[in-house]
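**Student:** Spelled out, the chains give:
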Amino acid sequence: MHNFVPLFKGEMQRLVKYKILQIAFVVTLLWLAVLFLIGEDSVAQFVPLFIFMDATMMTVMLVGANLFYEKQENTLKTLLITPSGFAALMTSKFLSAIVLAFQSTAVISLFAYFLFDVTVSFGWLFMGVALITFMHTALGFLFTVFVKDFTGLLALLILYMFVFAFPSIFYALGVFGESAEVWLMFSPTHASLLLIEFAYGLDVRTVLLPIGAVYLLVVGVALIKWVVVPKYVETAVKE
Amino acid sequence: MAKTPVFDVKDLRFTYRKSSIEAVAGISFKVHEGEIFGLLGPSGAGKSTTQKILTRLYTDYQGEIMYRGQNLKSYDNQYYEDIGVGFELPVHFSKLTGMENMKFFSELYRSRTEIEPLMERVGLLEDKDRLVGEYSKGMKMRLNFVRALLNNPNVLFLDEVTNGLDPKNARIIKDAIREFKNNGGTVFLSTHLMNDVEELCDRVAFIRRGEIVEIATPRELKIKHGQREVNVEYFDNGKTKQATFALDGIGENEQFMALLKDKTIETIHSGETSMDEIFIAVTGEEVDA
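Protein chains in written order, with the numbering used here: chain A, 1 to 239; chain B, 1 to 289.
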C-alpha cells in the first residue's frame, strides 16, 4: 500500500477541485428537500430508499465523472509510472468514493433522525453503505472503461437499474413467493436495499443479510480482480 | 573494463493482443550512462511501444531487457524512483494549479527535488498558481518536463518533448536536457523532430516497422549518407554561378583553388546531408510536419 496517504489526499483534493463533492452535497440537499415535502408520515419509508439511491446510482455516476476527467486529461497513465502500488491507487479511489457516500448518508440519516425521529442503527447503516458503495464503485469503473462518454455511462446505469429493479418490483407485487427472495439476493440492487432497510429496522428476513453482504463483497472483489484492474491498466496505457 | 550499460536490450519483441503483426520485431540496442539516445521513426514504427516497454507499462514482452545489469522484469515499482517520464501529451489535472499538480506528483516519490527552481527554469514560476486548464499547450508541455524531473531521476524518457513549443521555449527545454546529461543523467528521447536530434542526441536508432534499421551517431550518419563534395556559389560577370567539387583531394584541385583565389565567393557548403534527408533515406518515409 505504498503511497496510499498522498494518493488518497490527492483523490479528496480533486473531489473538491472538480466540484464532485459539492455536487454530491447539492444532491443530498435535494433529497432532504424531498423528505421535507413528503411529510412526517412517510419519511421513514423513503429515507432508506434515498440512501440506497445515493449509494448505488450516485456512486456509479460520480465515480464515472471522476474517471472520465482522468481519461480526458491522460492522468491515468502518469500515475502508473510512479512508485505507488496499484493496490494503493485502487484503494484510494474506492475509499474516496465511500467517503463521498458517507457524506450524504450522514446528512440524510441525521436529518431524518433529528427532525422526524427516524431511528437507525448507525453502525449497520454505515457498514452497509460502505459495502454497497464498494461494489458500485467497481461497477462505475466497469461501466466507464467500456463506454466512450458520460451519456454511455448513464445509458448503462439506467439499463442496470432497470434490469435488476424489475425482479424486486415483481416480488413486492407478490408475483413470486417468499422463497424467491433468496434468489433476489443475487440482484445487487435488492441486496443493497435489504442491508439499508435492516439498519432502519424494517421488516427484512435477517437470514438473507449475510448472503447479501457476502454477495456484494464477492461481486465487488471479482469485478476489481478480473475486469477493473486489467481494463484500467489497458485504458491507461492506451492513452 | 567497460561500464555496464544503463539499458541492454536484446531481441525485444512485442505483439499487441488483437494483432498478428509484431509492433516491435526483435530489436537490440544499448543505452550508455550519460548519453542521449534518440529513437526515431515514422508514426506506428514502434517508438512509443518500445518506450512503454522500457517504462514497464507493457510487461508481457519477449526478449531481454537488462537495466543496470539486472533484468527489468525483476524490478518492482521502485524502478520509478530512478526514472522520469515526459509524455507526448499533457498529463495533468486541469482543475488544479500547476503547483498543486507538481506537489501531488512529488509526494509520490522518496527522492524529491525543489519544485520552484524547476518551474523557474522552464519559465512557469509566475504561472504556478494558475489552473493548468488555463495553460497554453506549450506551457503544459513545459509542465510535463517539470513533472518528469520531480523525483531527481537518473534516466529520463522524453517523448516529443519540444512538440508545440515556440523556438525560445524549445531552447529552454533543450538546454535543460543538456544540463541533465552534463550532470550524468541518461536520456531516452523519442521524436520526429530532426532538429532536436541533431542538437541533442549522442546516438540515434532509426526504427521502421518494429525493426531497427540503423544505429549510429548523427555525425556518422551524416558522413555515411552525405555526398563527399563541396558546393560553391560565386559571383562572376554580374551573375551568381555554382560549381561542385569532389571533397577527396580538394586541396590539390586547381580549379577549386583558382575559384577561391579569383572569384568572389558567395556561399560554400560541404555535401553534408540533413537529418531530415537521412530520416527519409533510412525509413523510406517523409518526416511528419
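None of these hints come from the bench; they were simulated from the model. We put the CB at the ideal spot given by N, CA and C, even for glycine. One or more hints might be untrue.
Computed cross-link-like contacts, PhoX-like style, restricted to lysine-lysine with a CA-CA straight-line distance of at most 20 Å [to be verified]: (1) B:K95 x B:K137; (2) A:K9 x B:K103; (3) A:K19 x B:K95; (4) A:K238 x B:K18; (5) A:K71 x A:K231; (6) A:K148 x A:K231; (7) A:K17 x B:K239; (8) A:K71 x A:K17; (9) A:K17 x B:K103; (10) B:K95 x A:K17; (11) A:K231 x B:K18; (12) B:K140 x A:K17; (13) A:K71 x B:K174; (14) A:K71 x B:K137; (15) B:K137 x B:K174; (16) B:K95 x A:K9; (17) B:K140 x A:K71.
Chain B regions said to be covered by chain A (calculated; three or more residues, Cβ under 8 Å) [what the hints assert, rightly or not]: (18) 54-63; (19) 108-115; (20) 183-195.
**Student:** Compare the structure with each hint and give your call.
**Tutor:** A quick look at each hint next to the structure:
{"no.": "1", "hint": "B:K95 x B:K137", "result": "15 Å, holds"}
{"no.": "2", "hint": "A:K9 x B:K103", "result": "11 Å, holds"}
{"no.": "3", "hint": "A:K19 x B:K95", "result": "9 Å, holds"}
{"no.": "4", "hint": "A:K238 x B:K18", "result": "13 Å, holds"}
{"no.": "5", "hint": "A:K71 x A:K231", "result": "13 Å, holds"}
{"no.": "6", "hint": "A:K148 x A:K231", "result": "14 Å, holds"}
{"no.": "7", "hint": "A:K17 x B:K239", "result": "68 Å, violated"}
{"no.": "8", "hint": "A:K71 x A:K17", "result": "17 Å, holds"}
{"no.": "9", "hint": "A:K17 x B:K103", "result": "15 Å, holds"}
{"no.": "10", "hint": "B:K95 x A:K17", "result": "6 Å, holds"}
{"no.": "11", "hint": "A:K231 x B:K18", "result": "14 Å, holds"}
{"no.": "12", "hint": "B:K140 x A:K17", "result": "19 Å, holds"}
{"no.": "13", "hint": "A:K71 x B:K174", "result": "29 Å, violated"}
{"no.": "14", "hint": "A:K71 x B:K137", "result": "18 Å, holds"}
{"no.": "15", "hint": "B:K137 x B:K174", "result": "17 Å, holds"}
{"no.": "16", "hint": "B:K95 x A:K9", "result": "15 Å, holds"}
{"no.": "17", "hint": "B:K140 x A:K71", "result": "17 Å, holds"}
{"no.": "18", "hint": "54-63", "result": "holds (count 4)"}
{"no.": "19", "hint": "108-115", "result": "holds (count 3)"}
{"no.": "20", "hint": "183-195", "result": "violated (count 0)"}
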